[in-house]
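Protein chains: 4
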Amino acid sequence: MFYGVDLTSRLMLGTAQYPSPAVLLEAIEASGAEIITVSLRREGAAGAAFRNILSESRCRLLPNTAGCHTTREAVTTARMAREVFGTSWIKLEVIGHADTLQPDPFALVEAARVLCAEGFEVFPYTTEDLIVGEKLLEAGCKVLMPWGAPIGSGQGLRNPEGLRTMRAHFTGIPLVVDAGIGAPSQAAQAMEMGLDAILLNTAVAKAVDPAAMARAFGRAIQAGREAFEAGLMPRRDMACASTPVFGLAELV
Amino acid sequence: MFYGVDLTSRLMLGTAQYPSPAVLLEAIEASGAEIITVSLRREGAAGAAFRNILSESRCRLLPNTAGCHTTREAVTTARMAREVFGTSWIKLEVIGHADTLQPDPFALVEAARVLCAEGFEVFPYTTEDLIVGEKLLEAGCKVLMPWGAPIGSGQGLRNPEGLRTMRAHFTGIPLVVDAGIGAPSQAAQAMEMGLDAILLNTAVAKAVDPAAMARAFGRAIQAGREAFEAGLMPRRDMACASTPVFGLAELV
Amino acid sequence: MFYGVDLTSRLMLGTAQYPSPAVLLEAIEASGAEIITVSLRREGAAGAAFRNILSESRCRLLPNTAGCHTTREAVTTARMAREVFGTSWIKLEVIGHADTLQPDPFALVEAARVLCAEGFEVFPYTTEDLIVGEKLLEAGCKVLMPWGAPIGSGQGLRNPEGLRTMRAHFTGIPLVVDAGIGAPSQAAQAMEMGLDAILLNTAVAKAVDPAAMARAFGRAIQAGREAFEAGLMPRRDMACASTPVFGLAELV
Amino acid sequence: MFYGVDLTSRLMLGTAQYPSPAVLLEAIEASGAEIITVSLRREGAAGAAFRNILSESRCRLLPNTAGCHTTREAVTTARMAREVFGTSWIKLEVIGHADTLQPDPFALVEAARVLCAEGFEVFPYTTEDLIVGEKLLEAGCKVLMPWGAPIGSGQGLRNPEGLRTMRAHFTGIPLVVDAGIGAPSQAAQAMEMGLDAILLNTAVAKAVDPAAMARAFGRAIQAGREAFEAGLMPRRDMACASTPVFGLAELV
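Chains as they are written, first to last, in my numbering: chain A, 1 to 252; chain B, 1 to 252; chain C, 1 to 252; chain D, 1 to 252.
There may be inaccurate statements among the hints.
When chains are identical, the list treats them as one kind, so a pair holds in a single copy or across two.
Result set (SDA-like, lysine to any residue): computed pairs, CA atoms no more than 25 Å apart in a straight line [to be verified]:
| id | residue 1 | residue 2 |
| --- | --- | --- |
| 1 | Lys142 | Val23 |
| 2 | Lys206 | Gly140 |
| 3 | Lys142 | Ala212 |
| 4 | Lys206 | Ser55 |
| 5 | Lys142 | Asp209 |
| 6 | Lys206 | Gly231 |
| 7 | Lys142 | Met80 |
| 8 | Lys142 | Lys206 |
| 9 | Lys142 | Gln17 |
| 10 | Lys142 | Pro21 |
| 11 | Lys142 | His169 |
| 12 | Lys206 | Glu121 |
| 13 | Lys142 | Phe106 |
| 14 | Lys142 | Glu73 |
| 15 | Lys206 | Gly86 |
| 16 | Lys206 | Val114 |
| 17 | Lys206 | Asp237 |
| 18 | Lys142 | Pro234 |
| 19 | Lys142 | Val208 |
| 20 | Lys206 | Leu137 |
| 21 | Lys206 | Glu110 |
| 22 | Lys206 | Gly194 |
| 23 | Lys206 | Glu118 |
| 24 | Lys206 | Glu229 |
| 25 | Lys142 | Ile53 |
These are calculated hints, taken from the structure and not from any lab test.
Pulled out of the complex, with its shape left as it was, chain A reads as follows (with noise of 0.2 Å):
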């Protein structure tokens, strides 16, 4: 499904923001997750202790620029996570507004070109924007990553249609929600649109029980996905019995 790789689950999970590793661990095992994001912030002793820990996890690493401003820093830190964690994925962030911690299309896109004439394989962080999403398809790109609504909002998908519309435009081409989602009834809603997977890190690393809430996760994205390929009805206007009425003069 991503470059290549084909997987069960389709959770990817942020490992940032946890009450404790221990925790990290239990919700990652919980969630069912196979990818799991990682950052390569944490330096020295503290990031490897930290990179011990994950790889007990047995999940395949998406490594991020997370914090990266422009697309020098996030060349330079997707570099640094190639050789730090021996892996061509790349979860390419490139921040453009401090507060809503929106994608800069321009500066997005430009590193997506120069990482992918490198070799690496790029999941971008995006918008709905559908230009912006041709324009890193063009740059090599294999899979799309767009928001759901800001990082760390918890407010769902704030504008479905333009994800529908994003869906339609690239057949073929995996979608990733990531950012915004804050409860699984959110994520099974992206799944039965036909989005192909969800990244969360928030709504589960600040849920009081984040194990549980992984677990929720899980199977809520599983049975969107189940919902998406078994049919689901259409939506009418207008009410219609469910149960036919029959028999009934006999009755009364």
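Once you've looked at the hints, dock chains B, C and D against the given chain A.
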């Protein structure tokens, strides 16, 4: 949970409109439901055959009064159902409007009074109206089944604020969303709000693959409940970083 | 339009909660309202003074039974209002729940029966429930006042599908959205759906500048009605060009 | 307000798709618009006749580059428009996608740079993307025209949170919602959020009665602005009484 009966699954399944009895049984099995609703309206040999089929499911039966438009019809139907199905459980529907199939609150409360007095354990299909709910409890009901949207419409939760208010008001009373749910994400949303269970029919029966859809709903409902218990993150108006940024200076 | 009285304005204004009588009069004037509601609850000298103030507005008075929780309270209040205000019009409120101030449908219908039989022209504050609406018409009401949302909440139309269904069902009956409207856009939305008028109080009284807000609501309600009559364009799922493209080849 | 030009009306009107020039002129008049957009695409004698018609409206003309898909097309069209219409104002559209007619942010910013450098006063049709907006300001634009929804769709504000964020970020920059508005209530909603103006075409041109619809939009936009200035009440989660209850005891 319901009239002293504890259950594992929070999904109840209707048994109308399936392509075939075999598909119905598959769907029940896949859903994990422990309660299925059944209409008395299948008379004679066909009815007996159908009841045999349902008995294979090993679910507890919840007979309904679907299609009844008056107190008298509903009460008569309930009495016959008690005899035929050997249970004092009754899902009480008194339809007030032929197009929307909304309950008639006046006839509903009256029928509930009569039936509770006769020892029935009544599951009333009602709107999100608090006062109607209170009257139903006064009548002796120990469960309420507010609609999500008109029966068979698949619109989901048409008035989520109304259901939220209902949840806040009726602490300790099991609330089952009955009617209008079209997708697993909608069922999960109801569960995340703290509602207790979901009754479905059309969304499963009319899916392209009913058994797969039943499985999806079962999972989504479980996910929604787990999320409710695990403590959802609060929704935020503005974005905030999920990955704390530090150590960036060294990288560039 | 209402009990044989034709009006130009489709806005009715409540008179509670204003910073001062002068501001109230200004708001009434700016709104263009021809009907104002008034509570009997201001007793003694203060009440008389207040009624003098209202008489300056030259609006038709619609006394209400705000704060009544039983049929008996409401009926008694209506009778007193008829004497004090010299009108058989009565806005009938029978509150069923102290927090949401939702109407009690049972007591409401009962009070409507009593009052209609006594020659009152009743404007019942009700929910969007079709059956309750029908009972009110049977009782003799010739107008229905469904809520938009709980009184004073400013949530707008909490259940637009419910109101749309109500409009479709009660052709020829004036429907006035009463309660819950917080912004002119919400009032316009109701009018675009073909509802007949809006009753407001809190959104005007609690605005920073009540008179300016009253003017804004008056205009928005007129706009919504004009739009309904002018025939709104259908909503489209996908975009289509508003400017036909031709002659482009020559330009490049 | 726009490039040093102060205006009374906050509605701009497109001139395409009307049943006849007479209806167009009526709609302009009824709307109160002081700015109308016009496409260069009507060539030859028909174009000259059309321009004569528009000059009767006494509105300020805002030529557009509708239908352009590349920077070069848009720049060439803008230059021709300046000559033909004798104005340095240009509504810059560079379409990136044939179905949704969404702007191409890359070509848009490039064209804006070229045109601003040539002394044009550019009104760019853009998305709600903050970074694209910033680039357009850097290019020299002093106005932004974010879309509400795809052109001609009548969906209203598809991403209200995105527009709200845009408003918060670009203090002091006029923001005009351009495209997607289908009903006056939607236009009023945008104005209540503090956006500065609305550009409409299809919703008026395709109304059953365009002039009446134009009047409705004019009024709704004024209402929305007045409401913004008058200070909207805060939305409340739970209901609270608008009529203070006192003196009740005496009545019963």
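Verification of the supplied hints:
1. Lys142 to Val23: For Lys142 and Val23, the Cα distance exceeds 25 Å both inside one copy (33 Å) and across copies (39 Å).
2. Lys206 to Gly140: neither (35 Å within a copy, 41 Å between copies)
3. Lys142 to Ala212: neither (32 Å within a copy, 30 Å between copies)
4. Lys206 to Ser55: So Lys206 and Ser55 pass the 25 Å test inside one copy only (22 Å; across, 45 Å).
5. Lys142 to Asp209: neither (35 Å within a copy, 31 Å between copies)
6. Lys206 to Gly231: between (33 Å within a copy, 9 Å between copies)
7. Lys142 to Met80: Classified as within: same-chain Cα gap 22 Å, cross-chain 41 Å, threshold 25 Å.
8. Lys142 to Lys206: For Lys142 and Lys206, neither the intra-copy (31 Å) nor the inter-copy (35 Å) Cα distance is at most 25 Å.
9. Lys142 to Gln17: neither (29 Å within a copy, 40 Å between copies)
10. Lys142 to Pro21: Neither. Shortest intra-copy (32 Å) and inter-copy (45 Å) distances fail the 25 Å Cα cut-off.
11. Lys142 to His169: For Lys142 and His169, only the intra-copy Cα distance (14 Å) is at most 25 Å; the inter-copy one is 33 Å.
12. Lys206 to Glu121: Neither: 30 Å inside a copy, 41 Å across copies.
13. Lys142 to Phe106: both (18 Å within a copy, 21 Å between copies)
14. Lys142 to Glu73: So Lys142 and Glu73 pass the 25 Å test inside one copy only (22 Å; across, 30 Å).
15. Lys206 to Gly86: neither (29 Å within a copy, 49 Å between copies)
16. Lys206 to Val114: neither (35 Å within a copy, 47 Å between copies)
17. Lys206 to Asp237: Between copies only: 16 Å across chains, 38 Å inside a chain, cut-off 25 Å.
18. Lys142 to Pro234: Neither: 32 Å inside a chain and 33 Å across chains, both beyond 25 Å.
19. Lys142 to Val208: Intra 36 Å, inter 31 Å, cutoff 25 Å: neither.
20. Lys206 to Leu137: For Lys206 and Leu137, the Cα distance exceeds 25 Å both inside one copy (33 Å) and across copies (37 Å).
21. Lys206 to Glu110: So Lys206 and Glu110 fail the 25 Å test inside a copy (33 Å) and across (42 Å) alike.
22. Lys206 to Gly194: Result: close only across copies, 19 Å inter versus 27 Å intra.
23. Lys206 to Glu118: neither (36 Å within a copy, 50 Å between copies)
24. Lys206 to Glu229: between (31 Å within a copy, 14 Å between copies)
25. Lys142 to Ile53: neither (29 Å within a copy, 50 Å between copies)
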